[in-house]
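Novice: For reference, the chains in residue letters:
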Amino acid sequence: MKNFFKLLNFEVNRFFKLYLTLIGLIIVSQFIGAIVESKVYMDRTDQEMYKNQLSMSQYIERHGVFSFNYVFESEWFLLPIFFSIAMLMIYVFFIWYRDWFGKNTFIYRLLMLPTERITIYFAKLTTIMFLVLGLVTLQILLIPIEIQIVNSIIPTDFQSNFSFYHFSSFEIWGWMYPNTFTEFILIYGVGLIFVAVLFTAILIERSYGLKGILFAIVYGMVSFGVFFAPILLNELSSGYFYSLEVFLMLLVMSFIVLGSAIWIANHLLKYKIRV
Amino acid sequence: MTVKFNNRDPVYVQVIRHFKEKIAKGYFEPGQEIPSRRELANQLKINPNTAQRAYKEMGEQGLIFTEGNMPSCITKDEAVLKSVREELIIEAVDLFLGSIKSIDVPLSEVLELVKKKHDAESGEAEESK
Amino acid sequence: MKKYWKTILISLIIVTTIGSYYIQQAMASKKDVSFKIETTNGDKGEIDNLILQASYQNGGNIHHWLQISKDGSTNQISRTFFRDLVEAHEPLMFQKYIQEYRNFMRGKVLNPGQYFEDEDRLIYTTFQSNGRNKGLGNLFTLQIDTLDKKTNDSSSFEINMPDQVRYDWINERDIYIENGKIKILATSYLNGEEELHIYTVDENKKELEHDLILAKLESEERAQTSINILNDYNKVQNENYILYMVEKYKYLDDGERETIPSKMYLYNYLNNEVKELTIPAELKPYMKYMILHGTDIFIPVHSAIGLELKRYNIEKNQWEEHLSFKYPSIANDEEAPFLQITDDKLYLVSRVSDGHFFFIGDVRTGESLYEGKIINENKENLNADYSLMIEQIYNNMN
Amino acid sequence: MIEVKNVMKKYGRKQVLKGLSFTAEKGEITCLIGINGVGKTTIMKAIMALTPINSGEILIDGEKIRKESFEKVTFIPDTITMLPQMKICDAFTFMADFYKNWDPLRAEELLQFFKLDPTERIANLSKGNMAKVNMILGLALNVDYLLMDEPFSGIDIFSREQIAEVFTSHLIEDRGVIITTHEISDIEHLIDRAVIIDNGEVLKEFSVEEVREKEGKSVVDVMREVYRR
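Residue numbers (the numbering used here), protein chains in the order written: chain A, 1023 to 1297; chain B, 2 to 130; chain C, 213 to 610; chain D, 613 to 841.
Each statement offered as a hint is correct.
Cross-link-like lysine to aspartate or glutamate pairs, in silico, EDC-like; alpha carbons within 20 angstroms at most: (1) C:K475 to C:E485; (2) B:K5 to D:E825; (3) C:K218 to D:D702; (4) B:K46 to D:E795; (5) D:K679 to A:E1138; (6) B:K46 to D:E800.
Coverage of chain D stretches by chain B, computed from C-beta distances (three or more under 8 angstroms per stretch; other residues unrestricted): (7) 770-779; (8) 816-830.
Hint data in this document are derived by calculation from the structure and do not stem from the laboratory. Even for Gly, the Cβ is constructed at its ideal location relative to N, Cα and C.
Please take these sequences and the hints and turn them into a complete structure.
Specialist: Take a look at the structure:
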């Protein structure tokens, strides 16, 4: 356990510089976005009002007040998020391959540590989740600030009130910030399983070389299949099962998939891994 | 001290011979302390186990002695020391004789030459001092 | 310890932030939009067993579903993930079915038009297409599942529709069962043509006995014609009559469509007769709001002083003098008033300045039983221009 | 004692180890000799469970390798096993973090012996110094067995001498050492036992002193014989 935390900390530190730059990028880009979008809106409003000689109230009649979607659906806001997601996706692979193909083959050291090798797997897995949740948190913290920025630019009459549960009505937010904590756990749980399966696939490749790539793909597809089997089953039986039943089946399947991913990874690291 | 070892004779044998020479030359006084086997190994760049072996042999031959866990010392036994010296001389002479046998010259002549050469060298040695 | 500060710090931030985010969420949903019914007049008892299944829009176009009863409203934003999983969002009648007949209801489409219920049976019928060969239409098999409500055992049989019954899809509207005959009212579509059918099945012979076409629309006329069935969509019990109109309309330049004089028909399950209803000219504009109730047809006419219910009795086939319910004008064009007549009771919900007016009247006597208001309890969570739509009013007793 | 019992291993079709066996005693320096690519490194990896074997078994003091074993036997590969961006001292803290039997004093001593600066980044080290640091990472662990892969290859003569010196010091004493080389002459006098390997098999396993004593042959002589066969 102690070693797990040491490794976790170690892995986090390895990514930390990059992580900070990522965070910086998001903050800067989103703040710029908030400013630019609200300025653009105000310019448009002024012109409109000037052109057709509208009073503020008349204008609001016609066009409605400022909506935060202007900001939250702008590239300024979304691109850095997608970029971060992409980065983390890449890092899921990098976090392993760097230890083999890095300038110094650090994997020697990792595999020779006097601790169960699966601990390394868990540490790396946790690291990824840790980084993801870190960014999720960052976004929660940024939103209010951005609202402040917007409201400092937009005159009060044009402001619309924004509360967090409307937040979850944009599509991606619905996924990133589900309404209830239960859903939060479930969604990020699925994320965890996804990463775990990828990790195991990577280890398969690392253990069996070229052949491994094939195995890895097969393994990946099987896991995917097993995971979605309940939904498929329900489709085929044209909705024979009630959603609660489907959910419970999914739950069981997820545990099977996750369990097997860990079991396989453990076996590979113990007996099959190659340096 | 450094020694050039050959690869064919056992290293420990070569170490012992090296010690005998030192004794004969009188670099080692009787009862003088000698380096621990670790130091020796380090100095001669040999495996500590070999050094150990060498010391063991020398102990058996009575060349060195160890009291309790005191560092080992060169033996004080004159007889042994003397025998070491003789052993070396005899070895050398045997070698010498062996080589002149092949070209059979009368001993007297040889001895002449030997004497002359020896004096000359030692003479140079004198001057060089 | 101190060389772990980064990790520890970040973890703390994550936990606290996400934690407080969801605590805040919970808070937000506590003081969530919630409606309550305020009695202004009449017998409170009227609403004791009523459940109004409704949805409201708060700006944007997301429908938030909720149920309003005398004890206020269930708020749906705070609905837990699991309440969704137990079909809490389905119409109440089906929630009830699923609770009581869990196995029978498996994999069934929740469309009232496909169900029939009386005191001892629940029957479900569905047309299953054999796949999709577009153009020529699909062959269909009619599946009929019967549940004996007493013994709770179910039986099922299938009938292959004859070859001439070829459609792209069939949409069931109503089921009527009388001594061994199952009559299915369904609209069938093929290459843009629309037909209104009565399929008669003999329960015991298990065969299609009769296929009656009530109405047919050619693909070209469908652009400005449609077949509207004016029966209560949610009624699964027998109704002897089907009231339907072939509505013709034209589009005005502002995109609104205007009904032009159209024909209204009445089909009688008992004798398979169709007859056209002649509507007095002055009522024609309101005909598409007609409501069939038992042997009466009602035409609501909203006026300044309240509501007039023109009444036509089918058996006597004559117009009888109308009922009128008096209440302050509720003329309002944003939200069309909601009208429902069940068990001789008229339920009306209509937008008024400070909420929604809720009225219950007796359609036999025409007297007002109840008047009240549905109002939003905490204004701050709802924009002024919110809209509330009543989907259906249920009476828990039956 | 490390026992390697007829270990077989394939890489794809190529049979790299063909039922190879030998033993290495604690307190002895055993040298695996053989030209490059005969599977010397593979054996070491196999001992450390860094590569799977197809058959045979490897025992360390009679047990299969477990996580505890890594406190008992360590491997010094021919590349350094720390991250380039680390300082030498960082590397040491890492070791101290994870290994119970990391001996910081000895690490210090070795740093001084090799005249290395602990604040130096590993990336900036010369090849020779990197090899030395790599050595320290292994030597400063209080392990019974040390596996060294080609510690002398490709580094400058002085570094070699320094490293060679380590072998004659208390740092090695009483430990079991397995060392691979394709160039025996540097260390001929340092080793106790030699295991001559050629394409995946042990050609001869012997104690060097014995051979010198009984047959008056040098290790190289023996190699000549066995290869000629």
